[in-house]
Amino acid sequence: MLYREAGQFKSTYAADQAIFPIAQDRWLVAALLVAAYLVPPLFLGSYWFNAILIPFLIFSMAALGLNILVGYCGQISLGTGGFMAVGAYASYKLTTVFFPDLGMIFIFLLSGLVAAAVGVLFGLPSLRIKGFYLAVATLAAQFFLTWLFNKVPWFFNYNSNGTIESPPRTLFGSIMEPGGALEALVFLNPLVTSPRASPEAKYLFALTLVVVFALIAKNLVRGRIGRSWMAIRDMDIAAELIGIRPMRTKLLAFAVSSFYCGVAGAMLLNLYLNSVETQAFAINVSFDVLFMVIIGGLASILGSFLGAGFIVLMPIFLTNFLPAVGLPVDTATQRHIELMLFGGLMIFFLIVEPHGFARLWQIGKEKLRLWPYPH
Amino acid sequence: MDFLFSILVEPWITILTGPLFFGEVVIGGILSGVMYSLVALGFVLIYKASGVFNFAQGVMVLFAALSLVGLMERGVPLLLAVVLTGLIMLALAFVIERVILRHMVNQEQIILFMATIGLTYFLEGFGETLWGSDVKALDIGIPDLPLNVKGVTIPNPLVVTAFAGATLASLAILLMWRVRAARRAAEEGDGAAAVPVGPFGLIVAVLGLGLFLARFAFGPDAAFIQGKPSKTAAFLASLSWAGLAVALAVALDAAAIWLGRRQAQRDAGTLAPPLHYAWFLALGLAGTLAAAAGVLWAARSGILINSFELFAAAMAASLVIVLALFFQKTRVGRALRAVADDHAAALSVGISLRGIWVIVWAVAGLVALAAGIIWGGKSGVQFSLSLIALKALPVLILGGFTSVPGAIVGGLIIGVGEKVAEVYWGPAIGGAIENWFAYMLALVFLLVRPQGLFGEKIIERV
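If you read the sequences in order, they're chains A and B. Letter by letter, the first sequence follows residues 0 to 374 of numbering that gives the first Met the number 0. Letter by letter, the second sequence follows residues 0 to 461 of numbering that gives the first Met the number 0.
Treat the hints with care, since some could be wrong.
Claimed, not checked - EDC-like, lysine to aspartate or glutamate: derived pairs with alpha carbons at most 16 Å apart:
hint	chain 1	residue 1	chain 2	residue 2
1	A	129	B	107
2	B	135	B	72
3	A	364	A	100
4	A	129	A	233
5	A	92	A	164
6	A	150	B	433
7	A	150	B	421
8	A	150	A	276
9	B	47	B	341
Keep in mind that the hints were calculated from the coordinates and are not lab data.
Please put together the full structure from these sequences, using the hints given.
Listed below in structure tokens is the structure:
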């Protein structure tokens, strides 16, 4: 009844190719965006920002990146944690040593570029190997990179404890600070990193980044590049025969994917954790992000968000849920029960809908179209 | 320059000047490689029979070890506890098939892989809820002490014989493999693969031979005879020997390929007889000989060998032999091989896929139990036990996902390579390279041979 597209006519090509061709979808997304920008800063406390919303956004970003690689280009990667680490350590070196005056937004983009370069390097084996062989080969990136950042003191500026800390920096950097060229715009330039920054500023920054990059990703995957990725995914020899260069296409997918993961890593350091060790980018991060992509829906932008939401929120829910039910257990046992539930739910959702939440949403939309009539 | 020297030259000199210590490192590597092989074996069994990349193998090792220790803590004697744990693993296989696999038939591999990750989380939580999560010692009655066999005099010829035997057996296996591959290639009409020496091989051989001959051109190297060897001389000497080895390897390879082609030409039209059984026998033989040689050599030279590791190697070897017999000589084993070859064809001759899956998961569970006993006995039963799955992955891609001999050989290569790299190259580049070295080794290897050492040839059709 509500979700009915009868009477919506597309009379131009532009209207036909719109991201949301149905008016209801457009309204829903617009409303969601407005709500995302207005509701949390006005109504929610810092726990919401620091424990739920910001990690959700960061992992959405990482899942978007991995979905491009796994979902659209069909190259399974387990190196996500490593590429995120590259982004984080690059942002640290850039802010502390190379460009201390630069705004965070530029730092994030540069970190992403560094991660993209590393991603291309570790994507080279994909030209020879595929499937699970490739997945295991990308683990080399994971282990080598975390080892590198742990062992070579240059990466953490030779400090004694081996952790990197996010220094206080503003959004656009010194150019908009008093004395800079755009001094008049200083009100647009909030402090966004380090524990001193307000969680609202961090949240809005992260949200904007994710929205912009999700839009870019959506447009990438429905254009020529995305189609060549999908052709490679579906059958690389056939794709080669119709004139798609596998090397360029695969490496581009690795570059774009690592760019997203790198930005996510930089966000993890600067907007969420404030100080990290390589432990924060361990192998289970790679698995978590891969699972977000799969449970959310392979080759679906929406799915990346749904999957990230599931994986970020589920542990929080379980932690609060078990005591609420009144199970009198100690913390160790509670952690184990959480693990069991988490694993069990993973299996459950994979059995119920192996194509992920995005498919569930699609089925729901089909149902909504007809509702409340049976046909 | 110093750094380059410490990476490129220094380790070789250390190896050359201290061959005893090198031998000790290699033996240690072989023994830990055996343990990697055990874990990799579980992966291979399941992947072959059901196409599931079972990430939960590592946590199955943990679960088996936890159950075993838990039972023993409750006063069950060791042997009974092992049997009971075996039964638990059987039950687990049954439940996994019932609850998970049955509902996921025909799903994509990556979905199944994710389901096994879910299973990993679940089993970890389940095992630790059931048996507690503190570190436990697993005492299986074998002391984890150096076994000092110094002082036992062993006649010199015996050592030489044992060594030569082990080397020859390994060479024979490698040759057999190449002969078989060449023969199959010739039968399939793959001309390129049946050429004894390609241009690349020729270049490598000539270069190697040149390296070897070069040292004579520059005069006999007295570096090793007169006093302390100079570092450069030692390096050059080792380089030239390596050159000879490479040239010989290429020649042997060419001979093997030539032999395979001849065989194929002789009995054109007939299929190659299955060599699996001989394979396992040869492997077992080589392993036994190598172990014997190692012990004997150790006895002669006073190297300390850990009795526990010896036990582990023996256990792994016997497990491999039992598995080989099971696969080759029993009805169920034949069914398993049939399923591994072709699911649909196996179904059509009346083999129950579900039954096979239960069996293969149960076998993998028992292999996990064996690995759990060994690893648990060595380093205590704790969560980190499940992480050895990550060590088994490079072994897998090195040996090929579908090859049982590959898992064993790959395990040995990774074990030795890792130890040697850590001891000789580790200090130069910061240590703790064990974590990633195996992956890099496997990665470099994959670039040359994408399907792994023994994996099936990847044939792609559009």
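Do the hints match the structure? See the list:
For the proposed pair residue 129/A and residue 107/B, the alpha carbon gap of about 15 Å is at most 16 Å, so the pair holds. The suggested pairing of residue 135/B with residue 72/B holds, with an alpha-carbon distance near 10 Å, which does not exceed 16 Å. This hinted pair does not check out: residue 364/A and residue 100/A have alpha carbons roughly 48 Å apart, beyond 16 Å. Note on residue 129/A and residue 233/A: the hinted pairing holds, with a Cα-Cα distance of about 13 Å set against a maximum of 16 Å.
As the CA atoms of residue 92/A and residue 164/A are separated by approximately 10 Å, the hinted pair is consistent with the 16 Å bound. Of the pairs offered as hints, the one joining residue 150/A and residue 433/B holds, with about 13 Å between alpha carbons and a cut-off of 16 Å not exceeded. Straight-line distance between C-alpha atoms of residue 150/A and residue 421/B comes to about 14 Å, which keeps the hinted pair within the 16 Å bound. A hinted pair counts as satisfied when its Cα atoms are at most 16 Å apart, and residue 150/A with residue 276/A qualifies at roughly 11 Å.
With a CA separation close to 10 Å, the supplied pair residue 47/B and residue 341/B stays within the 16 Å bound.
Of the numbered hints given earlier, the model fails hint 3 alone.
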